[in-house]
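Enquirer: Please construct the entire structure, taking both the sequences and the accompanying hints into account.
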Amino acid sequence: MDGEGKEDISVAKDGWLFLEKPLDWSQDDHYVIVEALENDEVVEGPVYVTINVLDINNNAPSFNQSSYIAMVQENSRAGLPFTRVFASDLDDPQTPNAQLKYSLVSQIPNKKNVLLFQINPKTGEISTSDEGDMRRRNVDPLEDPDFTLLVRVQDLGGDSPTALSGNARVHIVVKQNLWNNPGPITIKENQKEQYPLVIAKVQSNDPDAVYTLVQKEKELKFPFQIKGNGEIVLTEELDREEKDMYILVVFAKDNHDRDVDPPMEIHILVEDVNDNAPECEQEESVFEVQEDEIVGTSIGDLMVSDADEEGTLNSQLTYTIVSQSPVTTPGTFLIDDTGKIQSLRMLQRKEHQAYDLIIRVSDSEFSTECKVVINVIDVNNETPQFEKNNYGSVTLAEDSPVGHTLVTIKATDADDPDSGSSLIEFHISGDEDEVFTVETDGKGVGHLVVAKPLDFEASQTYKLQIDARNPEPLMKGLEYGEESTAFVFVDVTDVDEVPEFSLDVLDVTVPENATKGSVLLTVEAKDPEGQEIRFKLDGDSKGWLEMDANTGQIRTKDKLDRETLETFEVTVTAFEKDHPEKSSERVVHVRLLDVNDNVPKLIENQDFICMNNPKPVTIKAQDADSEPFSQPFTFTFAHGKKSPNWDLRKVDGTQTFVKCHRDVSGADCKFAHAKININFSQHLATNHI
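Start counting the sequence shown at 4; every next residue gets the next number (my numbering).
Where hints are given, some of them may not hold.
[Said to hold, decoys possible] Derived pair list, reagent style SDA-like, types lysine to any residue, alpha-carbon separation capped at 20 Å:
(1) K446 - N384
(2) K343 - S365
(3) K115 - Q97
(4) K580 - T554
[Stated by the list, open to error] Taking CB as the label site, the calculated pair distances span:
(5) G484 - S367: 51 to 61 Å
(6) Q319 - N392: 22 to 32 Å
(7) H642 - F611: 14 to 24 Å
(8) N123 - N208: 22 to 32 Å
(9) F611 - R558: 49 to 59 Å
(10) V405 - D551: 33 to 43 Å
(11) T126 - D260: 26 to 36 Å
(12) Q625 - Q556: 35 to 45 Å
(13) R80 - E372: 52 to 62 Å
(14) S367 - D260: 48 to 58 Å
(15) Q625 - D551: 34 to 44 Å
(16) N208 - T165: 43 to 53 Å
Derived from the structure by calculation, the hints contain no laboratory data.
Predicted model, so just to flag it, every value in this text is computed and none were measured.
Where a beta carbon is used, it is the ideal one built from N, C-alpha and C, also for glycine.
Expert: Next up, the structure:
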């Protein structure tokens, strides 16, 4: 026996192999070479024997260090690794014996009973934990400046009770995070300072960081800058009414433009100061109040605005009535600090029709004066009265045009003509389809007109009730009576209308090989009065179609030919049988679809070749059909075989040429006769040359 395993393995004279000592797994195979000897001469062999050593789990995993030292910054993002441990196993890596799993055994200190760290079971990467982040318990150097973690590694994937393990300690130092947000920062508007003014400072964890500052919103004005030492400065005064908040984004990068700290958003809040006076929203505010309204009736709200911050003392307003004209009875009106104006006594239009007020509106520092006009309007104590309550019957033909006036109605109102109490509106009932309407200027005269086309077949009579009403509510206890209502009776007379087609557009597409008598289209029409109708067809110059006068069917009566006429139009007339002059027309658009009904034809039927100087002759063909029922063509000799003297050479889909390819010198000029087939995929036809 020979080979690399001869120290561990022996062979008996009868050929058995024996282990001399226990084997140890390795990634290399053991080889031995066995030969059979007689008198030291080889009589058989050699035989090559490979011995594979199967691994057993007899090696515990071990860390490459017994102790690790790492550093983590406070408020580190959970799941972001900051260090890593590494272990290995001498067992076969292709088996579970070397499949490793990392776990965290303990954390010291652990005062809050929350593990602030976690380890990736596959990679050994250590990061701050999701659990600590969710409970808002992050590492804090002021509370715990360092930690010691006991980590374990197990083979067999950590899933077996017989798994072997190893341990290591990780000492973690918590470093203070200098990259802290100084915001939100509040700055008063209109500060009279020397600019640029330092308002905040940031500090990166990298002492060599380069700072840049941008505005998150894309706006033209950006009155902020950042210095190389992290100081943020304001370059000019701020105006809260122009912009009340800025969002700054600070970047800390290294010399290769890579972030050394995450981008930081800083909110700048602009604090309001009282720098705006109240403003009247209208140069003159006009209100109306009915006479005899009870004391305390709300007349209206004076609309005033203040550009300072809402909900602060800077925009809190007070209202004072400075003057009233006429002043016959001072203290007639009251205004509260919301701008609500109320009456303090019952007003009479006969005393004064209007009052002029000057109202001062003030905030804590500024004031302005607003003009107010209060008109006293007549109370609606009179109802409208028609000049007559029955305007009789009106007869209308159903073809009366829209806008036609049926009758003029009139009502009066004894209230003040300058107020809404005397304004008259007319409302119609008994007309659900709103066929009629009343046109009026509000002064009591109305014109009853046709608003929609009449239809005798839908409705033949109408009983219209017209009510005269005021937009202002009636005084309490007063109601509209019969004097405010009038009636108009409308009779609609029938008009013999022309037949109506069911469709406005009639299009039909038909193959040109449609058989005689095929129905192309059935035209439908009806008469509004139910009269019996007939049909006729005009405009068929080719005489291809016919129409059934009773049913409206359009049929073919002759062969159609797309190559003669691809599209054409005919006119269909529907008319009353007893009154043919009552008719209507529609145009039918007909388009013929191509079919393969034409054979290809030669453009020239004869040609000649001079044999003293033979030149190719081009043969061209055409087909009246369109693609795909025409070209390309196939040209062949009549016998379907190659000719010993002539060649057919294709030029394109519509032409070929005939060429003599043998030497026929000395011959006279003669006509050469040949028979040529012209073929294409959908049809076969023959022409001769």
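Enquirer: Determine for every hint whether it applies to the structure shown.
Expert: Each hint, compared with the structure:
For the hint pairing K446 with N384, the CA-to-CA distance comes to about 17 Å; that is within 20 Å, so the pair holds. Pair hint K343 plus S365 holds up; C-alpha atoms about 15 Å apart against a cutoff of 20 Å. Taking the CA atoms of K115 and Q97, the gap is near 42 Å; set against the 20 Å cutoff, the hint is violated. For a cut-off of 20 Å, the pair hint linking K580 to T554 stands: about 13 Å separates their Cα positions.
The hinted range of 51 to 61 Å is satisfied by G484 and S367, whose Cβ atoms lie roughly 58 Å apart. For Q319 and N392, the Cβ-Cβ distance of about 59 Å falls outside the hinted range of 22 to 32 Å, so the restraint is violated. For H642 and F611, the Cβ-Cβ distance of about 21 Å falls inside the hinted range of 14 to 24 Å, so the restraint holds. Under the hint 22 to 32 Å, the C-beta atoms of N123 and N208, about 24 Å apart, fit the expected range.
A C-beta distance of roughly 52 Å is found between F611 and R558, which places it inside the suggested range of 49 to 59 Å. Distance hint for V405 and D551: a CB-CB separation of about 38 Å, consistent with the stated range 33 to 43 Å. Against the hinted window of 26 to 36 Å, the Cβ-Cβ separation of T126 and D260 comes to about 29 Å, which satisfies the hint. As the Cβ distance of Q625 to Q556 is approximately 38 Å, the hint placing it in 35 to 45 Å holds.
Between R80 and E372 the C-beta distance comes to about 60 Å, which sits within the given range of 52 to 62 Å. The hint said 48 to 58 Å for the Cβ distance between S367 and D260, and at roughly 51 Å that hint holds. As the Cβ distance of Q625 to D551 is approximately 40 Å, the hint placing it in 34 to 44 Å holds. Distance hint check for N208 and T165: the Cβ-Cβ separation is about 46 Å, which falls inside the suggested range of 43 to 53 Å.
Checked against the numbered hints listed earlier, the structure breaks hints 3, 6; every other hint is satisfied.
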